[in-house]
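Asker: Using the sequences and the accompanying hints, generate a full structural model.
Residue numbers (the working numbering), protein chains in the order written: chain B, 1 to 267; chain E, 1 to 543.
Bear in mind the hints are in silico, worked out from the structure with no lab data behind them.
Even glycine gets a Cβ: it sits at the ideal position worked out from N, Cα and C.
Treat the hints with care, as some may be off.
Said to hold, decoys possible - So the derived list for chain E, only partly shown, Cβ under 7 Å to chain B, looks like this: (1) S70; (2) V79; (3) T82; (4) S83; (5) S84; (6) S124; (7) N130.
What the hints assert, rightly or not - Pairs of lysine to any residue, SDA-like flavour, derived with a Cα cap of 20 Å: (8) E:K137 to E:H39; (9) E:K137 to B:R84; (10) B:K103 to B:D136; (11) B:K57 to B:L32; (12) B:K180 to E:G63; (13) B:K180 to E:S31; (14) B:K180 to E:G87.
Claimed, not checked - Simulated restraints on C-beta separations: (15) E:T61 to B:S101: 22 to 30 Å; (16) B:A60 to E:G87: 37 to 45 Å; (17) E:A55 to B:D179: 26 to 34 Å.
The chain contents come next:
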Amino acid sequence: MTNHRLPIAAALLPMLLAAGAAGAQSRAAETLNFEFGVDAKDSDTSGSTSNGTLGLKGAATIPLGRYFAIAASAGYSKSQVRTRDSLVDESDSNTGIASCSFKGTQGGITLFARRPTLGKMGVSYGVNQLSSECGDSSRFVTSGDDSLDAKNYRVFAEYYLYDFTLAASQTSTDLDRGDKLDSTSITASWYPLDSLRISASAGNDLYERDTFGLMLEHQPDFLGDGLGVYLGYAQTDQSPSTRTIAFGFAYYFGMRVDLKTRDRQYR
Amino acid sequence: MHHLAGISRVAGLLLVSLLSACGGGGDDDQSAHTELSTHSIAFSADAPDAATPAAQTVTATFGADIAHLSVLRAGPGIVRVTSSLAGRTAQIRIEPQAPSSIGTGAFTSTVAVTGYVCADAACSTFAAGNTETVTVKYQVSPIVRYVAPYVATAETSAAAVIRGKGFQGFATQGVKFGTVAATSYTVVSDTEIRATYPALPAGTYAVQLDIPSHVGPIISTAELVVLEPIAYSAGVLAYPTAAPAIRSFLHDAERSSLLVATNSNGGTILRYSYAGGAWGAPESVPLSELQDLALSIDGAQLLAISRTALTPMDAATLAPGTAVAAPATLPANSFLKNLAVGNDNAALITSGIAGSTTTPLYHFAVGATALNELTTKLDDATPGVSGDGSIVVLIQGDPSVTAAPSVVAYTAADNGLAASGISLKQTAVAPVLDRAATRIALNGVNVYDSSFALLGTLPGTTLAVVFSPDGKRAYTYDSRAPALLTFDTSKSAAGKAFAQLGSAVTLVGAPGTGVKMAISPDGGTLFFAGSTQLVIQPTPVVP
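Answerer: Structural data, given as structure tokens:
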């Protein structure tokens with residue numbers, strides 16, 4: 001698993017540090033704030049199964065002095081695999097086991113430093129616990145049973161440039177008794193409005209598969225700057241390709257600020 | 001404006017870089033790929049009651065990035081799928097359903113194997129890799145076991161009952177006797193087909209089902225033996241030992257022989273064979289306390305019962321097989337009495353005891369090693385069976401009984417016993433049925449149809465009776481003459497006496513007492529066995 005985009009992240013870091021000496025000063029996170037979100041994803045692999053995922057997520061961001069903040073998050077997701085396209089029961093007898101689902105719980109903590117006028121950089125640690133219900137003959141390869149633990153480490157940096165945010169991250173994930181996965185991603189975000197973010201991401205070279213995605217998040221004024229809605233689309237570049245459509249809501253407790261301000265000063 | 005221009009340039013560069021990163025898309029990602037050693041397997045069973053086919057194993061080989069291997073199945077043919085992992089391969093073991101559970105038919109099931117990879121950097125969700133499927137074909141074939149009666153007359157069309165299993169699992173398009181199609185057939189149930197064969201020349205014809213959707217041959221052990229009719233001359237055959245009591249009397253048409261169960265020397269089976277236009281000397285096989293004889297439905301075995309055991313014998317050589325003892329549940333002082341074989345090739349065996357007491361009824365599947373006691377108990381019952389083995393009628397009642405007991409009917413199609421609706425105390429004349437159970441004579445007097453509606457009566461002086469194969473004639477040996485009488489049983493006499501056809505025919509020799517009768521399959525010859533001798537008598541020609 002080559003990390004050919006690691007230099008991108010490394011290049012962003014000195015930019016952020018160099019620019020750190022200039023610009024108006026503010027806190028890494030203005031106040032303690034919380035958010036809660038619900039999202040739904042539909043992931044479809046060509047010529048294979050598709051699955052729908054429903055997830056819940058909560059996060060809290062806590063200021064740590066002027067330059068630092070810490071964020072904690074937890075989530076739960078359940079994916080239901082739709083097998084009918086590939087598992088045809090010609091007899092239509094409805095016999096046999098033909099359903100499969102995954103459940104996951106996630107938790108993570110992030111420490112970051114931010115200059116709201118320049119950017120943000122940080123590290124995070126997360127743990128996931130996954131389980132499957134796909135019949136007695138299905139199992140996680142590394143654990144040999146129907147559950148899997150994983151932990152991940154991530155370093156990231158964001159650079160704020162006018163209405164754009166350039167971001168890069170490097171994630172290393174250890175699967176329980178299994179492989180170590182490394183991936184890099186870069187994301188470019190644009191705020192045509194302070195309440196609208198359009199993000200394009202590329203190069204998440206997980207498994208040598210690059211994923212390209214586009215996401216729109218909107219935090220409409222008429223909802224009091226407390227509710228955000230997002231819609232995303234992503235596709236992997238290798239065969240069989242997987243397309244994912246995501247749709248979700250996030251509710252922000254506390255400060256009522258526009259999306260751009262929230263992204264750069266609160267979370 | 002300068003700022004906006006700069007922003008646009010940055011955005012443009014970013015877009016270009018994203019698009020350039022898209023290069024190389026569409027390659028196969030083997031590290032997330034799953035391969036199977038085969039995409040189709042097939043199971044087959046020769047019959048619904050055959051053993052379950054052995055499980056088969058498919059090897060899945062998957063790439064280094066697969067984190068979860070899902071093995072799912074759909075369809076009726078598979079009872080279980082298990083997998084075992086070893087490195088980057090999995091052995092997927094597919095076990096078919098037992099044929100007896102799934103029944104006859106062609107079934108298609110699917111096993112889908114999907115490798116899942118982490119869908120995001122933190123591996124919080126999964127995305128599917130390719131799915132590979134195994135198509136599992138499973139064919140459980142019907143089996144044809146018996147045709148009854150298995151002996152037919154050359155150049156004579158007739159109906160027959162075909163027994164087996166799984167007749168309704170496939171769409172049967174025809175029935176063949178050898179290569180000759182049946183003129184008609186009806187699939188009555190999953191175990192029974194009724195077919196009419198055309199006029200056939202002498203020979204042996206395998207009974208086959210024509211099922212285009214079935215792959216491969218269908219096993220059939222049923223053979224129709226078509227024989228030229230033999231014009232036996234009238235005559236008598238002497239016994240080796242004088243004045244035996246006749247327990248049972250059979251005509252083995254396939255072997256042109258007569259089988260007599262006698263009490264000579266404590267029990268003896270006599271066989272008289274006809275060859276080259278003459279009857280040979282009798283073969284004699286001792287069997288202690290011999291009670292009754294019956295041929296298996298395919299004529300391969302001769303079943304002989306003594307008071308305490310059933311002995312299967314080779315019908316051709318009369319070599320005895322291993323005797324099957326009566327169960328320990330046979331009450332003290334009771335004994336095996338009579339038997340009749342249905343077209344499922346299972347014998348119904350009655351038992352008796354001195355006095356008016358019910359005793360067990362047993363079921364014996366030819367080839368089994370034990371008699372199976374049924375829940376029904378009867379009082380000294382005597383069976384009679386139709387030529388096609390479809391119905392066994394049991395009449396009962398010890399001589400001391402005052403109230404007439406129920407006549408019971410056994411249906412070979414479902415092994416069911418049911419009251420006929422008739423109450424009648426038995427006499428010395430056993431029930432007699434024609435070939436297709438359209439005529440049933442009880443006590444040698446009352447003649448019923450297949451629904452046990454009384455059609456008419458025969459003389460009360462009847463000592464023995466047989467029907468012509470088609471049931472249109474009844475031939476009786478009458479005590480008053482003594483002589484052979486012929487009656488028209490082709491239509492109902494509304495419960496009154498059937499009309500006698502022609503005059504009484506004096507037999508070529510007097511059979512003696514305790515007479516039993518048999519008739520050849522072509523209906524051309526009558527056979528009598530009494531205490532004095534065997535009598536062979538051509539069927540009377542009547543208007």
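Asker: Does each hint fit the structure? Answer for all of them.
Answerer: Tested hints:
no.	hint	verdict
1	S70	4 Å, holds
2	V79	9 Å, violated
3	T82	5 Å, holds
4	S83	4 Å, holds
5	S84	9 Å, violated
6	S124	5 Å, holds
7	N130	5 Å, holds
8	E:K137 to E:H39	11 Å, holds
9	E:K137 to B:R84	19 Å, holds
10	B:K103 to B:D136	16 Å, holds
11	B:K57 to B:L32	17 Å, holds
12	B:K180 to E:G63	15 Å, holds
13	B:K180 to E:S31	14 Å, holds
14	B:K180 to E:G87	16 Å, holds
15	E:T61 to B:S101: 22 to 30 Å	25 Å, holds
16	B:A60 to E:G87: 37 to 45 Å	43 Å, holds
17	E:A55 to B:D179: 26 to 34 Å	32 Å, holds
In summary, the numbered hints that this structure violates are 2, 5.
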